[in-house]
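All chains, full assembly: derive it from the sequences and hints.
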Amino acid sequence: MSKYAFHAKAQPRYLPEHSSPERGIYSFAYTITIANVGEVTAQLIARHWIIRDAGGAVEEVKGLGVVGQQPLLAPGEAFEYTSGCRLRTPSGSMHGSYFCVAEDGERFECPVEMFALEADDGNGAPAPAGRVLH
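Under numbering that gives the first Met the number 0, the residue at position 71 of the sequence shown is numbered 70, and the numbers go up by one with no gaps.
Since the hints were made in silico from the structure, they are not lab data.
Keep in mind it's a predicted model, so treat the numbers as computed, not measured.
By construction, the Cβ of each residue, glycine as well, lies at the ideal position given by its N, Cα and C atoms.
Incorrect hints may appear among the rest.
Here are the simulated EDC-like pairs of lysine to aspartate or glutamate, each with C-alpha atoms no more than 20 Å apart in a straight line [said to hold, decoys possible]:
| no. | residue 1 | residue 2 |
| --- | --- | --- |
| 1 | 2 | 38 |
| 2 | 2 | 76 |
| 3 | 8 | 79 |
| 4 | 8 | 103 |
| 5 | 61 | 108 |
| 6 | 2 | 105 |
| 7 | 8 | 112 |
Computed Cβ-Cβ distance ranges for the label pairs, DEER-style [to be verified]:
| no. | residue 1 | residue 2 | range |
| --- | --- | --- | --- |
| 8 | 58 | 81 | 12 to 20 Å |
| 9 | 28 | 61 | 15 to 23 Å |
| 10 | 12 | 77 | 16 to 24 Å |
| 11 | 44 | 8 | 15 to 23 Å |
| 12 | 83 | 55 | 16 to 24 Å |
| 13 | 76 | 104 | 18 to 26 Å |
| 14 | 2 | 83 | 30 to 38 Å |
| 15 | 103 | 17 | 15 to 23 Å |
| 16 | 6 | 68 | 14 to 22 Å |
| 17 | 17 | 115 | 12 to 20 Å |
| 18 | 75 | 23 | 21 to 29 Å |
| 19 | 16 | 87 | 13 to 21 Å |
| 20 | 47 | 73 | 45 to 53 Å |
| 21 | 54 | 110 | 32 to 40 Å |
This is the structure we're talking about:
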C-alpha cells in the first residue's frame, strides 16, 4: 500500500430526458467514488478532465474541487459525487485526474481511468450512430 493514494471509480449513465439527439445534444451524468486507500489523511484540491466525443472533439476541464467541495479524507474514507457533461455525438469518453495534498504537505495525483459515455435509445439499446472511442 502506498502512503499517499486515492482510488477513483466512475459510473456513467445517459440522460435521455436532458438530451436532444436531433439537435446534437447528448447529456450524461457520472458518479465518482473517491476513496483514500493510502496511509495518510489527504485532501482533493483540483480536478482535470479530458472529454472526447466520437467525432474527435476534445474538451479539457480544470478547476478547484469537485461539485464545489474539496473533501478531506482519512485513510479508509470515501467521498461520492455526481456531475455531468454533454457531447455532440452519442458516444465518447472521459478520463482525468485529481490533484491531492496530504496532511504532511506531500502532493500526489489520483488518476481516473478512461470510461465510456454511451447514449441509448431510452430502452437500453445503443443509439443508432456509430461508436468510436479514441
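These are the hints, each one checked on the structure:
With a C-alpha separation of about 5 Å, the suggested pairing of residue 2 with residue 38 holds against the 20 Å cut-off. A distance of roughly 15 Å separates the Cα atoms of residue 2 and residue 76; the hinted pair therefore holds under the 20 Å criterion. Proximity of residue 8 to residue 79 is assessed by CA-CA distance (about 9 Å); at most 20 Å being required, the pair is judged to hold. Proximity of residue 8 to residue 103 is assessed by CA-CA distance (about 25 Å); at most 20 Å being required, the pair is judged violated.
For the hint pairing residue 61 with residue 108, the CA-to-CA distance comes to about 14 Å; that is within 20 Å, so the pair holds. In summary, the hint linking residue 2 to residue 105 is supported, as the alpha carbons are separated by about 10 Å, within the 20 Å threshold. Among the hinted pairs, residue 8 with residue 112 is consistent with the structure: their alpha-carbon atoms are about 8 Å apart, no more than 20 Å. Roughly 19 Å separates the CB atoms of residue 58 and residue 81, a value that falls within the hinted 12 to 20 Å.
Remark: the range hint 15 to 23 Å for residue 28 to residue 61 is upheld by a beta-carbon distance near 20 Å. As the Cβ distance of residue 12 to residue 77 is approximately 20 Å, the hint placing it in 16 to 24 Å holds. Evaluation of the 15 to 23 Å hint for residue 44 and residue 8 yields a pass: the beta carbon distance comes to about 20 Å. At about 21 Å, the beta-carbon gap between residue 83 and residue 55 stays in the expected band of 16 to 24 Å.
Separation of residue 76 from residue 104 is about 19 Å and conforms to the stated range, judged on CB atoms against 18 to 26 Å. In this structure the hint that residue 2 and residue 83 lie 30 to 38 Å apart at CB holds, the actual value being about 34 Å. Checking the proposed 15 to 23 Å range against residue 103 and residue 17 shows it is violated: the Cβ atoms sit about 42 Å from each other. With their beta carbons about 18 Å apart, residue 6 and residue 68 fall inside the hinted range of 14 to 22 Å.
Distance hint check for residue 17 and residue 115: the Cβ-Cβ separation is about 18 Å, which falls inside the suggested range of 12 to 20 Å. Between residue 75 and residue 23 the Cβ separation comes to about 44 Å, which falls outside the hinted range of 21 to 29 Å. The supplied range of 13 to 21 Å is met by residue 16 and residue 87, whose beta-carbon atoms lie about 18 Å from each other. Between residue 47 and residue 73 the beta carbon distance is about 24 Å. The supplied range of 45 to 53 Å is therefore violated.
Take residue 54 and residue 110: their Cβ atoms lie about 25 Å apart, and the range 32 to 40 Å is violated.
Figure legend: structure checked against the earlier numbered hints; hints not met, in rising order: 4, 15, 18, 20, 21.
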